[in-house]
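Below, each chain spelled out in residue letters.
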Amino acid sequence: MNRIKNFWKYKGLLREFVIRDLKVKYRKSFLGYLWSLLNPLLMMLVLNAVFSSIFRFDIPNFPVYLLTGQIIFNFFTEATTMAMSSILHSGSLIKKVYVPKYIFPLSRVVSSLITLVFSLAAIIIVILVTGVEITPYLLLFPLPLIYVFIFAIGIGLIVSVLAVYFRDLLHLYGVLLSVWTYLTPIFYPVSAVPDYVRSWIYINPMYYFIESFRDVVLYKQIPSLQTNLICIGFASAALLIGLGVFYKYQNKLIMRI
Amino acid sequence: MPEIAISVKDVSMQFNLEKERTDNLKEFLIKLLKKKMVYDEFQALKNVSFQVKKGDSFAIVGSNGSGKSTMLKIISGIYKPTKGEIEVNGTVAPLIELGAGFDMELSGRENIFLNGAVLGYSKKFLSEKYNYIVEFSELEEFIDVPLKNYSSGMLARLGFSIATIVQPDILIVDEILSVGDYLFQEKCERRLNEMIQNGTTLILVSHSIEQVRKVCRNAVWIDKGNVKAVGDVNEVCEAYLRG
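Heads up: the sequence lines are chains B and D, in that order.
The first sequence maps to residues 6 to 262 in my numbering.
The second sequence maps to residues 5 to 247 in my numbering.
Same shape as in the complex, but just chain B (with noise of 0.2 Å):
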C-alpha cells in the first residue's frame, strides 16, 4: 500500500525522466525525433541489400518480416542497456536525495518504449509501400509491445543492479546481446536453422515476442493461445525476479556507487 503511494508521488519525476532522455537523446541534432523513424529505415534497407541479395531467404515480404524483428530486437537493446548503467550515472542524485531507485531503470525502458512507437511510422510506412494487405488485426499490435515491455522492465532492474557489482558487465552485455540477437530469427527464417540451433531458439523469449508481433502485422492472425502463454509467462517471470532482484539490493546499492 505505502509502495503505491509512494510510486503515485513519483509518477511525476518518472514523466520527468522520460522527457529528459527523450529531449538529451536529440538535442541539436537537424531532423530531432524524425531519427526514431529513420533509423529503422535506413538499417532495414541495409539489411534488405545484404539478405535479399546475398542470402536470399525465401520469406514473403522480407521487408516488413525483417523490420518487425528489429523494432522490436532494438527496443529491448536500447533499453535494457540504458537501465543497466541508470543507476551507476545516477550515483551523484542517489547519494544527494531520497528517490525511490526502481525510477532510474524504470523511466529508462519507458523512454525506448516511446522511441519505439515513433518507430512504427516507419513499419506502416513499408507496409503501405509493399503493398502488405492491412487488416484490423493490426490493431492487437499494442499486445507484444506490452509483453515485451514488461519483459525489457524486468531484464532492466536486474541488470541495473548486477552492473553495480560487477562493472565488467556494461561491456559483456553488448557480447551478450549480439550473440541473442543471432540467435533470434530477426533476419532469416526458423526454418533455415539447424536442428541444434532451433532448439536455442525455442527457449528464447525474443522469439515469441517478435513472432507475436509478426502474428498482427505481417501473417494476419491473431497470435496463438499458447503463443500469448508463453509471452506472459516469460514476461512476468522476468519482472518477478527483477521485482526480487531490485528490492533485495536496493538499499546496499548506494554503498557502490
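Bear in mind the hints are in silico, worked out from the structure with no lab data behind them.
Mixed in with the good hints there might be a few duds.
Covered, in the sense of this in silico footprint (three residues per stretch, anywhere, with C-beta under 8 Å from a C-beta of chain B), are these stretches of chain D [to be verified]:
id, segment
1, 8 to 15
2, 57 to 67
3, 195 to 204
4, 207 to 216
Below, a list of computed lysine-lysine pairs in the BS3-like style, where the Cα atoms sit at most 25 Å apart [as the list claims (entries may be wrong)]:
id, chain 1, residue 1, chain 2, residue 2
5, D, K133, B, K14
6, B, K100, D, K87
7, B, K100, D, K13
8, D, K127, B, K10
9, B, K33, D, K152
10, B, K28, D, K152
11, B, K101, D, K50
12, D, K152, B, K101
13, D, K127, B, K30
14, B, K28, D, K133
15, B, K14, D, K127
16, D, K84, B, K10
17, B, K14, D, K218
18, D, K87, B, K16
19, D, K218, D, K191
20, B, K16, B, K30
21, D, K127, B, K100
22, D, K84, B, K100
23, D, K128, B, K257
24, B, K101, D, K30
25, D, K228, B, K257
26, D, K127, D, K87
A few chain D residues that don't get close to chain B, going by computed Cβ distances all over 12 Å [said to hold, decoys possible]:
id, residue
27, N51
28, V149
29, N153
30, N230
31, G247
Note that CB positions come from ideal geometry on N, CA and C, so glycine has one too.
Following the hints, complete the assembly by docking chain D onto the known chain B.
Chain D only, in chain B's frame:
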C-alpha cells in the same frame, strides 16, 4: 509535551570501505575461490539515539568524519541504517546538496520541473509556484539558458529557490548556506527564519559553534560515531569545546 518530530533509536551504520571492494568479476571469482570475501568494515555510527521535538531547532556537532553527514542522510532517507530504527514524522526538505539532479544540458525552466520532481513536488504545484521560484532566484534573464552556462552562484540560487518553496515540517541544513552573494545569503537566512517561526523543525549541521549557539536550542555531539552529549545547546557546545 510537544510531539516528536524525529526519533532515532539505537542506529548503527556500517560501510564497507573502498579498498576491499570487489566490483569486477575476476576479483570476485578469485576471492570466492579463495574464500576470502573479507570486508573491511567501518562503523560510521554506533548505537546513536536521540529525539527531536516538533518545532525545535536542533544542531548536530562534531569534528570532520564523525558521522554527522551520515546521520543527516539517514534522516532524509538516503541511507537505510544497518541496525536500529528511525522515525520521521512529517515532510522533510533536505538542503544538504542544492540542485540534486540538475541536468546541465537543459534550461533553467526545464530544470525547475526536473529538480522539483526529484524533491517530490507535483507538476501542477510547480506550475503554480513557477513565477515565485524564478522571482526569488532573481534569474529571470537566464531562465531559458542551459544550466551549463550558469555560474556556481547562479546554480545555488536556483537550487535554493526550488528547495524552499514549500513549508516543510522538518528542514535539514548541512553547514550554513553559502549561497551566492551577500545580499542573497541574507535573503536565504530570512527565508529560513520565517520557516522556523512558522513551526518548522530545523536540523542544522555546522562547524561554527557561534552559529549553532545563535540558531539552535538543543544539540547532540557525535564523536567517531558515538553520542558524547545530548541536550541543551550550551551544555553540549561546552562539552564539545572542552573535547
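| query | Checking against the hints above, which ones are violated? | reply | As far as the earlier hints go, 1, 2, 3, 4, 17, 18, 23, 24, 26 are violated by this structure, in ascending order.
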